[in-house]
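Here are the chains, one letter per residue:
2 protein chains.
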Amino acid sequence: MAKLSDIGEREAIALLSRIFDRGQPIGLGHDCGVVEWGEDYLVITTDVVNPRTHIPEGARADQVGWYVVAVNLSDVAAAGARPLGFVAALSLPPSTDVDFLKGLAQGMEACAREFGIAILGGDTKEADVMSLAGTAVGRVRKDRVLLRKGARPEDALVVTGDLGRAGLAYAQLAEPATRAEGLEQLLHPYPRVREGQAFSESGVVTSCMDISDGLGLSLAEMAAMSGLSYAVEWEKVPLYNPLEALPPERAKEFALYTGGDFELVATVRPEAVGELAARLNEPHRGVHHALTVIGTVGK
Amino acid sequence: MAKLSDIGEREAIALLSRIFDRGQPIGLGHDCGVVEWGEDYLVITTDVVNPRTHIPEGARADQVGWYVVAVNLSDVAAAGARPLGFVAALSLPPSTDVDFLKGLAQGMEACAREFGIAILGGDTKEADVMSLAGTAVGRVRKDRVLLRKGARPEDALVVTGDLGRAGLAYAQLAEPATRAEGLEQLLHPYPRVREGQAFSESGVVTSCMDISDGLGLSLAEMAAMSGLSYAVEWEKVPLYNPLEALPPERAKEFALYTGGDFELVATVRPEAVGELAARLNEPHRGVHHALTVIGTVGK
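These protein sequences, in sequence, are chains A and B.
Note that the working numbering has the first sequence beginning at 1, numbered continuously upward.
Note that the working numbering has the second sequence beginning at 1001, numbered continuously upward.
These aren't lab readings, by the way, just hints derived from the structure by calculation.
Check each hint, because a few of them may be wrong.
[As the list claims (entries may be wrong)] Using 27 Å as the maximum straight-line C-alpha spacing, the simulated DSSO-like pairs for lysine-lysine come out as follows:
{"#": "1", "chain 1": "B", "residue 1": "Lys-1125", "chain 2": "A", "residue 2": "Lys-125"}
{"#": "2", "chain 1": "B", "residue 1": "Lys-1125", "chain 2": "A", "residue 2": "Lys-149"}
{"#": "3", "chain 1": "A", "residue 1": "Lys-125", "chain 2": "B", "residue 2": "Lys-1003"}
{"#": "4", "chain 1": "A", "residue 1": "Lys-125", "chain 2": "B", "residue 2": "Lys-1149"}
{"#": "5", "chain 1": "B", "residue 1": "Lys-1236", "chain 2": "B", "residue 2": "Lys-1149"}
{"#": "6", "chain 1": "B", "residue 1": "Lys-1125", "chain 2": "A", "residue 2": "Lys-102"}
{"#": "7", "chain 1": "B", "residue 1": "Lys-1125", "chain 2": "A", "residue 2": "Lys-3"}
{"#": "8", "chain 1": "A", "residue 1": "Lys-236", "chain 2": "A", "residue 2": "Lys-149"}
{"#": "9", "chain 1": "A", "residue 1": "Lys-102", "chain 2": "B", "residue 2": "Lys-1003"}
{"#": "10", "chain 1": "B", "residue 1": "Lys-1102", "chain 2": "A", "residue 2": "Lys-125"}
{"#": "11", "chain 1": "B", "residue 1": "Lys-1102", "chain 2": "A", "residue 2": "Lys-3"}
{"#": "12", "chain 1": "B", "residue 1": "Lys-1003", "chain 2": "A", "residue 2": "Lys-142"}
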């Protein structure tokens, strides 16, 4: 009999999609699901974080708490929605230190506060192994929701922020001297909530997703959903500064093919991308590389 | 250093509440959290189910799937809200049979369909131990949300359905001949979504919660939140029929003090409870004991 390990996570999700493909205004396979609510969509997303896949040894509780909220808000951002709230369902071993639980909650609260939402509730159950499930909800105008599909040929391909932080962080975990910095980079991503909302409000962004699985895989997903091609010009990719010192092949691996960065990749109408980038890159926002054109959508 | 096992699940939740007590229109500690949305509340609840606490050996995948959705919809029902959708975050061992995953999804889909909602998405991650987190969202008019507090002295105390199914089911698990029936009773609860909405619409229900931890503990929670007392008249409690054959002490233990029934307990303005009960108990609804008065709220 086939096991989950035989088919992998992606095929498992595809299997579930075939069973759940009903009553979905936008279909499945986007960063969020949606429910109609008057002129708006309620958007919702859930992500589970566990030691096997996400939490390197030595991670502080508050880092893990921030991370659980941040990865979910990143999906809300990718839909162009305003976050409304967050709930957590925590499975924890009975041997968990109470201080760890407190730190976890404080990290969750810090991330929620940063993005103007509240932790609306949760559930804590004893389990043999830690597993932290988070769910975030948000709100966006129906005609302004951002999906993984919607791009048109000649659209500009853009990313927020800089790429390769997570890749470098994984390398840093291997060295005792840099391990703490690696943990902080990996577990303290800053979801692009403001940028996602700006994309939605602009009316010129045609599709969007977060690059949590790496830019390469994200573009492959968008291509599969839109039937279009996405060409990246490597020299335009905004690299996380310390990557400039690495051999180009290594930097490329970190920036394009390593998961764990939580930037947004989006497609923008070509005639409007200049104005959008200028608006997002205004210096008073204090964010470098708020938006960079890295390529083009082809047929 | 204190461990989770030292303080228990309830104290853990209290600890989290102290950290998260911010931006909550209704406060924490109810069956759902809420976010304001125009004249309505978006209600949200999350519950995690795992083998250690909820899934007896021999449970079928579709039963587990139904259960994960049902326990969350029960909380939405307790808030008097109309369910809108559900998401699942599944941690599963790599050795999980693909057929188990399919069954799980089919059970979830069956429960969602029964209550007119869709499964809006989810996440599946490999983990060392199974842990199934579900989140349900719903909608209710702000002035009609049902909370655990709100009761007034002399209100009638009511419950939906009949009590003691889960208690008997746990006993049935111990006997090979009745184990299958016990599993079905435990894992196939029918959340009182219609009753919860009827409560909300009536405008005469002053507080409500589900009795998933047992009627006794639920009333203690309501008492703690409202500062009132709740008196149950044992002879009025609607017993699950097979319990009538048991010694009264055993029946009492099952009906009052065993968790796992998913009925609603509510308080109702005394002058209006007769009409509400008559409406809910209309025979064409095909539900026995849709509503039974079991006691009174005191000072």
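Hints versus structure:
no., hint, verdict
1, B:Lys-1125 <-> A:Lys-125, "holds, 18 Å"
2, B:Lys-1125 <-> A:Lys-149, "holds, 24 Å"
3, A:Lys-125 <-> B:Lys-1003, "holds, 14 Å"
4, A:Lys-125 <-> B:Lys-1149, "holds, 24 Å"
5, B:Lys-1236 <-> B:Lys-1149, "holds, 23 Å"
6, B:Lys-1125 <-> A:Lys-102, "holds, 25 Å"
7, B:Lys-1125 <-> A:Lys-3, "holds, 14 Å"
8, A:Lys-236 <-> A:Lys-149, "holds, 23 Å"
9, A:Lys-102 <-> B:Lys-1003, "holds, 11 Å"
10, B:Lys-1102 <-> A:Lys-125, "holds, 25 Å"
11, B:Lys-1102 <-> A:Lys-3, "holds, 11 Å"
12, B:Lys-1003 <-> A:Lys-142, "violated, 46 Å"
Going through the hint list in order, the structure does not satisfy hint 12, though it satisfies all others.
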